[in-house]
Structures are given as C-alpha cells and as structure tokens.
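Letter by letter, the chains look like this.
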Amino acid sequence: MLQSEVVSHLIQQIYHSRPDLKLSKRAVHKILFKVRTALPEDDPVRKNIPFYWYNFGPYSEVVEASIDTLKANGILREEETHRGNSLLMLTTNLTDTLNVLEEASAIVERIVRNIDPYHIEPFVNQIYQDDAPYEFMPLYKVDFLNLFEGYLKSHPVGQITLNRYIEDAINPQIDRLEHLIYDCEVELVEEPLFEEFNDEFTSYVSGAGKAFDIIRKDEDNAYTITKSTFEAADGIWRTFAKGVRILDEGHDEYYDNKLEQWEGEYRSAISNMISEVNRFNRNIRESVRPTNRRNANDRSKRILSSLIEGYLS
Amino acid sequence: MAPLHHFLDTNILVGSRIEWDGQHHHTHRYLQQDGFLRHTSERVYKECTGVFGLFRRTITKYLNYLLKSLPASPDPFILDRTIRRLTERHILLLKNEKEKNVLSSFVQQNMDDLRNCALGTEQDRDTFRQEIIDAIKGAFDSLDRDCRPDDPSAPVVCYTCCPENYDSHLPDQKSALITVIGYEPDILVILDAYFIQIHRIGEEVSLVTADKAHILNNRKKIEETLPGITIREPGSFFIG
Numbered sequence: 001m002l003q004s005e006v007v008s009h010l011i012q013q014i015y016h017s018r019p020d021l022k023l024s025k026r027a028v029h030k031i032l033f034k035v036r037t038a039l040p041e042d043d044p045v046r047k048n049i050p051f052y053w054y055n056f057g058p059y060s061e062v063v064e065a066s067i068d069t070l071k072a073n074g075i076l077r078e079e080e081t082h083r084g085n086s087l088l089m090l091t092t093n094l095t096d097t098l099n100v101l102e103e104a105s106a107i108v109e110r111i112v113r114n115i116d117p118y119h120i121e122p123f124v125n126q127i128y129q130d131d132a133p134y135e136f137m138p139l140y141k142v143d144f145l146n147l148f149e150g151y152l153k154s155h156p157v158g159q160i161t162l163n164r165y166i167e168d169a170i171n172p173q174i175d176r177l178e179h180l181i182y183d184c185e186v187e188l189v190e191e192p193l194f195e196e197f198n199d200e201f202t203s204y205v206s207g208a209g210k211a212f213d214i215i216r217k218d219e220d221n222a223y224t225i226t227k228s229t230f231e232a233a234d235g236i237w238r239t240f241a242k243g244v245r246i247l248d249e250g251h252d253e254y255y256d257n258k259l260e261q262w263e264g265e266y267r268s269a270i271s272n273m274i275s276e277v278n279r280f281n282r283n284i285r286e287s288v289r290p291t292n293r294r295n296a297n298d299r300s301k302r303i304l305s306s307l308i309e310g311y312l313s
Numbered sequence: 314m315a316p317l318h319h320f321l322d323t324n325i326l327v328g329s330r331i332e333w334d335g336q337h338h339h340t341h342r343y344l345q346q347d348g349f350l351r352h353t354s355e356r357v358y359k360e361c362t363g364v365f366g367l368f369r370r371t372i373t374k375y376l377n378y379l380l381k382s383l384p385a386s387p388d389p390f391i392l393d394r395t396i397r398r399l400t401e402r403h404i405l406l407l408k409n410e411k412e413k414n415v416l417s418s419f420v421q422q423n424m425d426d427l428r429n430c431a432l433g434t435e436q437d438r439d440t441f442r443q444e445i446i447d448a449i450k451g452a453f454d455s456l457d458r459d460c461r462p463d464d465p466s467a468p469v470v471c472y473t474c475c476p477e478n479y480d481s482h483l484p485d486q487k488s489a490l491i492t493v494i495g496y497e498p499d500i501l502v503i504l505d506a507y508f509i510q511i512h513r514i515g516e517e518v519s520l521v522t523a524d525k526a527h528i529l530n531n532r533k534k535i536e537e538t539l540p541g542i543t544i545r546e547p548g549s550f551f552i553g
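Heads up: the protein sequence lines correspond to chains A and B, in order.
Per my numbering, the first sequence runs over residues 1 to 313.
Per my numbering, the second sequence runs over residues 314 to 553.
The following block holds chain B by itself, in its conformation from the complex:
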C-alpha cells in the first residue's frame, strides 16, 4: 500500500496553482485528491515564491522593453511579426533557460493582449501590467492559503525545522546523493523529505515530484540511500 504521507516538491506546488486540461500536467488534479497527508519544507515554499517572483520580474521587464522598442505608431498589419522579432531578441539576452521558456509561453498565449497594449493607450498598458502582477499575487495568495508554516491543519504542512544544509546532520546521505544527482538545490529538498520523515512523521513518505532530470530518473538510488522514502509522480496516484 502506498504511503499516506506525501512530501511535495516545488514543481507540484507551483503547478497546482492552476487547473490544467487533460493534455497537461497532473499537478492540480493530484492536489484535489483526498486521502493523503501532505507536507513540505520552508525551503520548497521559498523556492515557490522565488519562481513566482521571477515570473513577475521577467514579464514586467519584457513588457517594458517591448513597449520602449516598438515604434510610436506600429503598423498593425505586421505587428505580430514585430512583436515576435523583438521577443526573440529579448530572449537572447536571458541567461536562465526557465526564464526563456516562461517568456516564450507567455508571449505565445497572450498575443492578443500584447497586440492591444502595443496599439492601445498608456492606461491600457498599465492595466495589462497590473493584471499580470495581480495574477501572480493570486498565486502567492493561493500558496499561502495551502501551505502554512508548522500548521497541522493546513492542506500542506510546511515544516520550518529543516537544517540549512545537511553537512553536519546527514553528511553520508548528502555525499551519496551528490555523486548521483550533482545538483545541490534538489539534493537539499530530497534531504528535507528524509529529515521530516525521520524527525516528524516516523512513517514512510512519498516524495511527489515532476522533476525527471534530477529526481525521477534517479529514483532507485535515492530510495536505496534514504530508507522510508519513495519517489512518485503525481499521476501515479490517480484512480482509473
């Protein structure tokens, strides 16, 4: 029988802020499922807020760049092409792959609004920027509602007791994971799950994640290194 206790990774908490259609991620549907006790750590919570903050910064910077770069009276017949060209130029300046993906997806799915901004008034532009900011504020709101620090009645209990790094608490486990995963931020999250399993929960814990590159692909090694931890994808809990 699968463990009742779940430790949620950043991608699950971020992904579950919105409802997805069947073609997309399972994160929202997973969080709607009852019957599990969900946990996370302050580190994961901070990663989530960092992700939402980066969304805001990336998009407001881009809007600023776009509106400054467009001609005063852009030609509506070639406007989409102009916006795409300027976007490509801006994306080249971004160093972070995630930022590039976020911006590409934003432009692709909000082209109508971008077009209206380019052709509209100062007020239209302000309104659109404010809507972006409010959408992200909504994500913060929803995260804070679900994920409350050390509150056992919260939908996701957010533990604040995990050490900053595991150099002195779990040094052997940390070294073993460094050899396999090689990416410290993810290793610290995995060790948070283990630390909470040992010190707070005392029963088996599933670490629920959509991270293939560092975690799901190394499932076997992680589970061998950290007894009591199993690695699961959110979709694996769906019935039917």
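Isolated chain A, as found in the complex:
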C-alpha cells in the first residue's frame, strides 16, 4: 500500500468505528500519532505515519495531506461550529472493506472508543506527558501555559481584589505559576542548538519573577502585566517548537530534508524572541514600584555571597 493509502485508510477507520464523530483536524493528528506509538517498533505501518513535534504537539504533513485528499474526494467534509472551530465529519457511509491493516485498525478503534471528541484536551495533554521527547515540554506547555491561560481568562481587566491593601499578599495560583516557571528552567533542553534559547528563557524567567510579584499584589497594572507575561510566554513556546522539531528526537527521518529550512526559521524566531524578551523585561522594570529595601536574612545573605564570591573568583 502507498503511504497516502495507509494514512487515508486509518483516518477512515476513525469514522468507521464511530460514524457520527465530529473531530478537529488537530484531534485526527493526535489519534494517528497515538496509533503510531502503540504499534510495535517493527510494524511497517509506523513509517507511513511520520510526525514531528510542533506548536500543538505531534503534527504530520502526511496526515494533513490525506485529510485534504479525503475532503477533495467527498469522503470527509468540514463544518464550522458557532465558536468558529472547524470539525471534520463523514459525508458518505463507509463500506466494510476497510480491514486491510488489521493491527493498526484495531488500535484506531480502541483509541477512538476511549476519547471524548468534545473534550480532546486531556487526550492531548496525556500525549505530552507520555510521549514528548523532553521533560520541559509537558511542564511548560501543559502545566505552565495552560494554567496561566486559565488564570488570565478568570481574571478579566478591571477585576480587583483585597490583595492590593495587604502587605504580604498571597495568591496560590500565582505562587504555583512562579514555582512552575522555575521548574521549567531546571528542565531546559541541554543541546547546543538551544544555548541561545536557554539564555533568553532565563532572562524571561527573571522578568516573570518580578511580574508575578506585581500580579500577586494586584497593583493597578496587574491585568496588563499578566497579559504581557502570558503573551511573552506563549511566544517563547512557539520559538521552542520551531527548534525542537530540528532535533533528532523531535522528528521522524521522513522530515530530514526539511532541517535546513527549519533551522533558518528557528534562527529568525530566536532573533524575534530576543527582542520580545528585552521589551518584556524593560516594561516590567519600568512597572515595578520602588519598594523599601528587602530585609534579607542571614541565610539569604550567605547564599548570595557564596554565589557572587564564586563569580568574582
């Protein structure tokens, strides 16, 4: 079977299991990725579904092309929801002659039976947890960015809290976010390609630490700071995604001929990221309200002294 036939067959198999399904393209990609990982290493079908890691998880250009072909052939159609999302659904009844790839088809059926098409996020998050090549990815994308996005949505502009009147204001969600961003820094990808990215990420983390202090105190500019801190974080993820697909662990061999083009795109994204992080840090620095000198305890002083002494030695 040709590669396009294999993938096209597996996509139809999704609908064969549940003909009433309406799925986003993203969900189709993730289901087929999961099929690929569930197949034995030596199964020839695996090679026919090549993936690379990108902005929203594993992505396959072959799957994308097959979806387009199935649409062009009238087997699938796309319908827009009232929220403006596109969902793929079956146009015609499928015949029962699809059981050519028995093992892969059985896996498709098993996966499809267990997913909730209307709440695909947990399924995607699980893919990050189980299959992402670097620990940084689930930590940053699933834990940090998702939590941060939720926080931003639940704290609209104009909302104020009593924290602005409290000296040592507490905000457990912000504490959690700040804790997570330091965890992410610990798990940065240690590859030469990521050296510049890592330094910029660290620079962002330093600015984000100050930003979280402003947000925690719910100062007048808290919403604007939250929004710009999230936007910078989101931009950083997009740069990371342009880099991670270049690494051997981030793509299947099928995409090796794209590496030069991807590297060019990554370099350009890094250069944008440097400007964005600089702008973000400058903005945060100007937004910090001058406070009284923090009274550092002896332990803090000893920690900082030991670091500076090492630096100057």
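It should be emphasised that the hints constitute simulated quantities derived from the structure, not laboratory data.
BS3-like mimics (lysine-lysine), calculated; alpha carbons at most 27 Å apart, straight line:
| hint | chain 1 | residue 1 | chain 2 | residue 2 |
| --- | --- | --- | --- | --- |
| 1 | B | K450 | A | K227 |
| 2 | A | K210 | B | K411 |
| 3 | B | K374 | A | K210 |
Computed Cβ-Cβ distance ranges for the label pairs, DEER-style:
| hint | chain 1 | residue 1 | chain 2 | residue 2 | range |
| --- | --- | --- | --- | --- | --- |
| 4 | B | T473 | A | K227 | 20 to 28 Å |
| 5 | B | E497 | A | P40 | 51 to 59 Å |
| 6 | B | K534 | A | R299 | 39 to 47 Å |
| 7 | B | Q443 | A | K153 | 21 to 29 Å |
| 8 | A | T91 | B | K381 | 47 to 55 Å |
| 9 | A | N221 | B | E497 | 31 to 39 Å |
| 10 | B | E401 | A | E135 | 20 to 28 Å |
| 11 | B | D485 | A | I274 | 26 to 34 Å |
| 12 | B | P465 | A | R26 | 48 to 56 Å |
| 13 | B | L407 | A | A72 | 52 to 60 Å |
| 14 | B | T473 | A | G84 | 40 to 48 Å |
| 15 | A | D175 | B | G433 | 14 to 22 Å |
| 16 | B | P384 | A | Y118 | 43 to 51 Å |
| 17 | A | N297 | B | Y378 | 23 to 31 Å |
Keep in mind it's a predicted model, so treat the numbers as computed, not measured.
A virtual CB, placed ideally from N, CA and C, is assigned to each residue, including glycine.
For chain A, the structure is supplied; the task is to place chain B on it using the hints.
Chain B alone, transformed into the frame defined by chain A:
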C-alpha cells in the same frame, strides 16, 4: 585630581550587591563611598541580570540533580563525601568556567543546608530552593533600585542610548581594542563608557572595574585609544 564621573563595569555592580569582609572584594565599600557621579549602560545592566539569572539556573539545576541522585535514605556518616562526589560529577558537565566556580563556592559555603535538604522532607527542600530564588530576587531588587534607566537622580544612571555595536559609530577605536583585548563583550562595555563620556558627560570618566584579564592589564592601551577615559580599580578610591 581623579575624575568625579565613574562608569561601572558588570563585576562592580554584581559585587556590590553584598557586603564583603576585609579579605574580599572592594566593590561594596566602593559603592558606599560618596563624592562620585556613577553611570553605566543598559548593556552592563543586562549583563548583571544575565549573571543573576545564570546563578539561579545553575543552582536550581544542581539541586534537582543532587536530590535525584542521592539514595532514598542517605547514610548521614558519609553524606558530605557523597554530596562532594556528586557535585564533582555535575561540575564536569558544566562548560562555563564561571558556572563551575559559582557552584563550587555555593556548595562549599552552604554544606549545612545541603545536608539538611538531603536528610529532610520534601518541604525542607522546597523551602531551601525558594530561599535561593528569593536571594537572587533580592539581588535583582537591589540592582533595579540602584540602577535606573536614564534617571539622573539614581545612584547609578543607566544610559539606554548606546549603540548595539560600534561598527559604524566608533569603528577605528573598536578595531584598535580588538587587537589588544580580543574579547568583544568587554570591548563593547569599554566603548559604552567612551560613548557616554563624549555624548552625555563631556568630562573625564573613570571606568571602574575588577576585570584584570581584559581591562586592567590593558589599561595603558585603552587609555591611549580612548582619550578622556581612565581605567581604575575600586580599591584605588579608598581613603586611608
């Protein structure tokens, strides 16, 4: 008479975040001295924040490694030796000499806390990590208080007007310094001092630094190339 205007290098701004005893650097004592107008550039400020960020990343990564590598119930009688052995192994993986020095110094001076972390609970470990992060946040705070962008009332005025590189602004001076110093980040800082001296201050400026390898050892050549700039160590301003 020594110039009243001082341009501060990264090592002075970083070193002056803490008080030192007499055996150590003069940076904190220097910054406590009145009678000088202090300046720096945005590039130096960013180098400082980069240094503090690197401290945090190096130490939190190390802690993570150490706590994952230690046995579940470490033997307290050989714990110091185990920590030192794991530290040596981790240091071998670090490429940057500064990072190695920072980590060695940290381990040497915080062994009690590391031991307590190894023998303590998850919460003890979290508390120690948070204290490291807070100590570095304190350094950022203190730097931001002292070093404010284009604010003439700040203890250290941080100029944001310097060019990104000096290829078109001071090409001859840059080439002359490249031959002597050969390390671009330091050359750009020196040229920042000169640029600010010409365009903002208009009087003689002392570049205050503790960098022997690239700057203090090349004092004569730098001063010849950049008229109006003198190179000084922080200790040279102490009276008595």
